[in-house]
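Asks: Spelled out, the chains give:
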Amino acid sequence: MTYRIIDDGTYSEPVQQALEGVLAERLDEGDLEPTLRFWYRESPAVALGRFQAYEDEVAVDYVDQRDIDVVRRLTGGGAMYVEPGAVITYSLYLPREAVPDDIETSYAALDQWAIDALQSIGLEVSHEPLNDIAHPDGKIGGSAQLRKDDAVLHHTTMSYALDTSEMLRVLRIGEEKVSDKAIESAEKRVAVMRDYVDASREEIITALKDTFAERFDAEPGSLPNAVVSEARARASETFATEEWNRKL
Amino acid sequence: MHDSATLKVPNGKLLEVEVTYDERVTDVRVTGDFFLDPPESHAALETALEGHPTDVSRATLVEAIQGVDATLIGFDAGHLADATLEAIQ
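Going down the list, the sequences are from chains A and B. The UniProt record's numbering numbers the first residue of the first sequence as 1 and each following residue consecutively. The UniProt record's numbering numbers the first residue of the second sequence as 1 and each following residue consecutively.
Check the hints yourself; a few may be wrong.
Unchecked claim - Taking lysine-lysine pairs in the DSS-like style, the calculated list, with each CA pair at most 30 Å apart, reads:
1. B/K8 / A/K139
2. A/K209 / A/K148
3. A/K247 / B/K8
4. A/K247 / A/K148
5. A/K209 / A/K139
6. B/K8 / A/K209
7. A/K247 / A/K139
Said to hold, decoys possible - To give an idea of the chain A side of the interface with chain B (calculated C-beta under 8 Å), a few residues:
8. R50
9. R96
10. V99
11. P100
12. V192
Quick caveat, the hints were computed from the structure, so don't treat them as lab data. All C-beta atoms in this analysis are idealised placements derived from N, C-alpha and C, irrespective of residue type, glycine included.
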C-alpha cells in the first residue's frame, strides 16, 4: 500500500471540512489512494464537533464581531479554536481494512507515528484515551474519526503556538459563568508545542512527514482539481451555511 | 415543559439532553462532544427517546437506545438514559 502525502493547498475552514467528506468518499469508492494530508488555513476559525450545540460552545457575539468562521465538522468530538500557522492539522484517509476495528485501539494506532515523530524532536507527548495527544502540562491535540463502509477518515489537530487567551474568548469554556478556577484549568488543559521545543511549524511538519515516510511506503502527491472543485461546491451548499453550522 | 440535563461521563464525553414534554416526551435533542458511528444515527437516537410517558423506566429507555443501529463512543445507553431521566425530572 502506497500513501500519497499532500502538503499543499490553503483553504477556508468550510472548504477544509468539505474536503474531508469528498476525500473519505473517494477512498470509500476506490477512487483515491491512501493519503496523508496536511492543512493550511486562511483565517482563525472554530471547528465544531458534529453533535455539539453551537451556542453552548461558541461565544456567539465575539465570533460574529471578529468574523470568525464556525464550521461544524463531519466528525464528532469537541470544539477546536484554530489559527493559521498556530496549529498543525493532518488527515489520514485509509482503507477500512488497514484500521483496527476497535475504536479505542484505532485512535491510538493511527496517531502513534505522529507521537513518535514529536518525541523524536524532544516533545514529551503520549496518547491519552480516547482521542487526545497529551503533554504532562496539558492537551496538545485531539483526533476524530469518520468511518465509511470501506474507508476511515482520521484527522488530528495539535496546538503549535495557539493564542490560548484568544481561545478562551472564542470558546465558551472561557466565559465568566465558568469560575476562575475552571478557566485556569481550561487554560492548563491546552499545552502548545512551541513552549517546549525550539522548532518552527514547518520543521515539525517535516519531522512528521519524515517519520511517516520511514514507517510507510509514501510518495508526495497533490489534490486533484476535481476534488477541490467538489469541495468548494459542498462548502457553499453546506459547510458555509448557517443551516449546517447552527443546526444544533 | 422544557428542561435539560448535562452529564459528564467518567473517562468519557459530555452529554447534554434537552427535552420538551407534557405527559409524554415530545421532543429530544442530544448534543455533546461524543462520537456516533454512523453519525447519521443521531436523528434515530433522538427519536428513540421520544414518545415515552414522563414516568418511563430507565430499562425502557436503555432498550430503546440499544434498538438504534449505532455504535456509541464516549458514552453508553445507560448514560444517555440517565441524562434523559434527569432532564425530565
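Asks: Hint by hint, say whether it matches the structure.
Replies: Tested hints:
1. B/K8 / A/K139: 18 Å, holds
2. A/K209 / A/K148: Between A/K209 and A/K148 the Cα gap is close to 26 Å, so the pair holds against 30 Å.
3. A/K247 / B/K8: Holds, at roughly 22 Å.
4. A/K247 / A/K148: Within the cut-off at roughly 23 Å; holds.
5. A/K209 / A/K139: 22 Å, holds
6. B/K8 / A/K209: Violated, because 36 Å separates the two Cα atoms, which is more than 30 Å.
7. A/K247 / A/K139: 28 Å, holds
8. R50: 6 Å, holds
9. R96: Cβ of A/R96 sits 12 Å from chain B, so the hint is violated.
10. V99: 12 Å, violated
11. P100: This hint is violated: A/P100 lies away from chain B, its Cβ roughly 14 Å from the closest one there, beyond 8 Å.
12. V192: At 21 Å from the nearest chain B Cβ, A/V192 fails the 8 Å test, so the hint is violated.
Hints 6, 9, 10, 11 and 12 from the list above are not met by this structure, while the remaining hints are.
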